[in-house]
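Asks: Here is how the chains run, residue by residue.
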Amino acid sequence: MNSGLLTVLIAMLGGAIRVSTPFMFVALGECLTEKSGRVNLGLEGTLVLGAMVAYAISYHTGSPWAGVFAAGVAGSALGAMHGSICSLPRVNDVAVGIAMMLFGIGVAFFFGKPYIQPTAPRLSSLPFGGCTSDLNLRSALDINPLFFVGIAVALLMAWAFANTRWGLIVRTVGDSAAAARAMGISVDFVRFLSTTIGGFLAGVGGAFLSLSYPGSWNQGLSSGQGLMAVALVIFARWSPVRCVLAALLFGAAGAIGPALQSVGITQGYYFFNAAPYILTLALMIATSSATHSSRDMPGELSMAK
Amino acid sequence: MSTGAPTASEIPRRALGTAKPPSAPADTYDFGSRLRANSEYVVIPAFALLMAALLFALFLLAIGKSPLDFIDYVWKGGFGTAFSFQNTLQRSSPLILTALAVAIPARIGLIMIGAEGALVLGGFAAAAIAVPMVGVVPPIITMPVMVLTALIVGGLWVGLAGYLKYARGVNETISSLLLTYIGIAIMNFFVEGVMRDASNPNKPSTKPIGEAYMIGNIPGTSVHWGFLVGVVVSIALYFLMTRTTFGFAARVTGGNFRAALAQGLPVGRLIVSCAMIAGACAGLAGYFEVAAIQGRANASLAAGYGFTGILVSFLARHNPIVIVPVAILFGGLVASGGLIQRRMGLPDATVLVLQGLIFIVLLVSETLYGRFAIFRPGDAKERT
Numbered sequence: 124m125n126s127g128l129l130t131v132l133i134a135m136l137g138g139a140i141r142v143s144t145p146f147m148f149v150a151l152g153e154c155l156t157e158k159s160g161r162v163n164l165g166l167e168g169t170l171v172l173g174a175m176v177a178y179a180i181s182y183h184t185g186s187p188w189a190g191v192f193a194a195g196v197a198g199s200a201l202g203a204m205h206g207s208i209c210s211l212p213r214v215n216d217v218a219v220g221i222a223m224m225l226f227g228i229g230v231a232f233f234f235g236k237p238y239i240q241p242t243a244p245r246l247s248s249l250p251f252g253g254c255t256s257d258l259n260l261r262s263a264l265d266i267n268p269l270f271f272v273g274i275a276v277a278l279l280m281a282w283a284f285a286n287t288r289w290g291l292i293v294r295t296v297g298d299s300a301a302a303a304r305a306m307g308i309s310v311d312f313v314r315f316l317s318t319t320i321g322g323f324l325a326g327v328g329g330a331f332l333s334l335s336y337p338g339s340w341n342q343g344l345s346s347g348q349g350l351m352a353v354a355l356v357i358f359a360r361w362s363p364v365r366c367v368l369a370a371l372l373f374g375a376a377g378a379i380g381p382a383l384q385s386v387g388i389t390q391g392y393y394f395f396n397a398a399p400y401i402l403t404l405a406l407m408i409a410t411s412s413a414t415h416s417s418r419d420m421p422g423e424l425s426m427a428k
Numbered sequence: 007m008s009t010g011a012p013t014a015s016e017i018p019r020r021a022l023g024t025a026k027p028p029s030a031p032a033d034t035y036d037f038g039s040r041l042r043a044n045s046e047y048v049v050i051p052a053f054a055l056l057m058a059a060l061l062f063a064l065f066l067l068a069i070g071k072s073p074l075d076f077i078d079y080v081w082k083g084g085f086g087t088a089f090s091f092q093n094t095l096q097r098s099s100p101l102i103l104t105a106l107a108v109a110i111p112a113r114i115g116l117i118m119i120g121a122e123g124a125l126v127l128g129g130f131a132a133a134a135i136a137v138p139m140v141g142v143v144p145p146i147i148t149m150p151v152m153v154l155t156a157l158i159v160g161g162l163w164v165g166l167a168g169y170l171k172y173a174r175g176v177n178e179t180i181s182s183l184l185l186t187y188i189g190i191a192i193m194n195f196f197v198e199g200v201m202r203d204a205s206n207p208n209k210p211s212t213k214p215i216g217e218a219y220m221i222g223n224i225p226g227t228s229v230h231w232g233f234l235v236g237v238v239v240s241i242a243l244y245f246l247m248t249r250t251t252f253g254f255a256a257r258v259t260g261g262n263f264r265a266a267l268a269q270g271l272p273v274g275r276l277i278v279s280c281a282m283i284a285g286a287c288a289g290l291a292g293y294f295e296v297a298a299i300q301g302r303a304n305a306s307l308a309a310g311y312g313f314t315g316i317l318v319s320f321l322a323r324h325n326p327i328v329i330v331p332v333a334i335l336f337g338g339l340v341a342s343g344g345l346i347q348r349r350m351g352l353p354d355a356t357v358l359v360l361q362g363l364i365f366i367v368l369l370v371s372e373t374l375y376g377r378f379a380i381f382r383p384g385d386a387k388e389r390t
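Going down the list, the protein sequences come from chains A and B.
With positions in the first sequence counted from 1, the corresponding number in our numbering is that position plus 123.
With positions in the second sequence counted from 1, the corresponding number in our numbering is that position plus 6.
Chain A extracted, bound-state conformation (with noise of 0.2 Å):
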């Protein structure tokens, strides 16, 4: 084969598996969100006060692991805002979305501030590589164990929602509060819960970004990555493990211009870098349907109504 158009594809792939892990930590929580019948736009927001998050504790603490764990706490905080506002009667939930994501992108830059300069302790990958004496090879195989993490919540998730009685739960939240309340279930009570676990999974996918890969902490960090998860999660029709397919392939998209600027072209650049953001809005042209809403749509979704 071609070697430049290999050198392409295998950095494809390891941008693939890069890129991917915010995408596919975003779009799981963004999943169980939505299975419980509300939409959390604020999750942009999040991963990037995760990413600070993370970034900050790794460098004061001089464990990223700490890190990852505090942008996922600061990811539930957030996630919690959103859910107890959301509870109150006559507040719509894509607008406080929209009011979150100001905020906690805010609180990020205001807080992040001192922290763009100094390096802090970033997570360390692991070698699969190892075997291959490709130089290419290898760098495209040294994956985050983050990585393999977010295919255990998924399959995790997925497992729950059709076996266990929580995801039952969840699941009836979503599809008829009615239902779910003739049941005794608190519904509010379910969806805060929900948004805050969904929260958490953001941040966790905000600590990637500063911790890994790009692995660092700047205002430029995420550039609606929060936003496309979001939109990937009605790509993937709220399965979990659809969540984990419909990242890979926005991350081999993301990786389209990196790639080919590794094999020295450079030109187009910039419009490879909307390449994700098109490819989102032709996926969800592709998927939205005017007349009937799409399969598999929890029934309390705003979006469906």
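One or more hints might be untrue.
What the hints assert, rightly or not - Here are some chain A residues the structure puts well away from chain B; computed CB gaps all over 10 Å: (1) His183; (2) Val217; (3) Ala222; (4) Gln240; (5) Leu278; (6) Arg294; (7) Met351; (8) Val364; (9) Thr414.
Stated by the list, open to error - Listed below are the simulated DSS-like cross-link pairs for lysine-lysine, each with C-alpha atoms no more than 27 Å apart in a straight line: (10) B:Lys209 x A:Lys236; (11) B:Lys71 x B:Lys82; (12) A:Lys236 x B:Lys82; (13) B:Lys71 x A:Lys236.
The hints are simulated quantities; they were obtained by calculation from the structure and are not laboratory data.
Values in this document were obtained by computation on a predicted structure and should not be read as measured data.
Cβ coordinates follow ideal geometry from the N, Cα and C atoms, glycine included.
With chain A fixed as given, assemble chain B onto it according to the hints.
Replies: Same frame as chain A, but now just chain B:
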């Protein structure tokens, strides 16, 4: 917000619920009860604003800064002197237009947050069409062409999100924000590539359009024409949305989509039109940023006016006229950002934190509507 003072002074006793029952004739009672019912929409947002300010003051105290200093600098930097107030008006111009870009779709039931992208692309398109015309075509022709280009490009950009909503059911909030990212990427693509001004090594920009092709200030002030245009557009859109069949049809569609369909209203055309009006407003804001301030298109266009505009529109309850005073308030906040940063040693994101806080508290306050007997004259009588 602007109607707060007369409301409070005209019916103070009844509002407090301590006075004797009204003995006014039927027609003035009707007016009074309407005023009382409407004052809910002023008192609750104002209360939310106050609560957010209190929370922010606590936040400042927690990090060891003085809230009084903060208020002082916002006053000095945004409103205190003629110079700073003119700066505020200047900054409120894009806020008025981007808030309108949120308010008009909101009337038809769509939450669109794509104003930032339409502003950037509209401004860029205006600069891009002007650059080859500079020195060839006189300003008197070039300037209207620039305005028209900004209106059309902005209108088509957000109109696309409206069309996708109607034709394909694509969620308009997500698609409009995605289009913002795409719009910024398109501008960067051209500004860093084929359209880059090679003589300007510092910041990738288009070639300058030149002083003669820029739109000046309102005579006797240092405020550019964008402010006045913003005010005129707000008034025009207020009349469009409240006094015309178009506006009525749009509000019916926003209130009950199925009823609008059943009535045979041209729902698709209404949605796309509202989205296009929104985009045109944001594009116009982009035109003024290029033609009145920057003189060229570059990344400074994406300064976040589109996002602050979302908050302005929500705070004004998507009422085009109320948007103007609210935009001036936030224009002052944005204008004083630099002073706060320098004097108080706070990061520039401070304004973002405050805006986020106001937005959240405002949305929480939505839950208060309809809970107070004070605002429902009829109910109050029954209960007491």
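Asks: Verify the proposed pairing of B:Lys209 with A:Lys236, using a straight-line Cα cut of 27 Å.
Replies: Satisfied, since the Cα-Cα distance of roughly 23 Å is no more than 27 Å.
Asks: Confirm or reject the statement that A:His183 sits farther than 10 Å, beta carbon to beta carbon, from all of chain B.
Replies: Since the minimum Cβ distance to chain B is about 17 Å, A:His183 lies beyond 10 Å and the statement holds.
Asks: Any Cβ of chain B at or closer than 10 Å to A:Gln240, or is the non-interface label fine?
Replies: holds (14 Å)
Asks: Is the hinted pair B:Lys71 and B:Lys82 satisfied, with a Cα-Cα distance of at most 27 Å?
Replies: Between B:Lys71 and B:Lys82 the Cα gap is close to 17 Å, so the pair holds against 27 Å.
Asks: Is A:Thr414 truly not at the interface, in the sense that its beta carbon sits beyond 10 Å from all beta carbons of chain B?
Replies: violated (8 Å)
Asks: With 10 Å as the threshold, tell me whether A:Arg294 passes as away from chain B on beta-carbon distances.
Replies: holds (21 Å)
Asks: A:Ala222 clear of chain B by more than 10 Å, beta carbon to beta carbon?
Replies: violated (4 Å)
Asks: Take a quick look at A:Leu278 and tell me if its Cβ sits farther than 10 Å from every Cβ on chain B, holds or violated.
Replies: Consistent with the label, A:Leu278 stays out of reach of chain B, its closest Cβ about 27 Å off (over 10 Å).
Asks: Non-interface claim for A:Val217: all C-beta distances to chain B beyond 10 Å?
Replies: violated (5 Å)
Asks: Checking one constraint from the list: CA of A:Lys236 to CA of B:Lys82, max 27 Å. Satisfied?
Replies: Between A:Lys236 and B:Lys82 the Cα gap is close to 25 Å, so the pair holds against 27 Å.
Asks: Is the Cβ of A:Val364 more than 10 Å away from each Cβ in chain B?
Replies: holds (22 Å)
Asks: If you draw a straight line from the CA of B:Lys71 to the CA of A:Lys236, is it 27 Å or shorter?
Replies: holds (17 Å)
This entry does not satisfy hints 2, 3, 7 and 9, going by the numbered hints stated previously.
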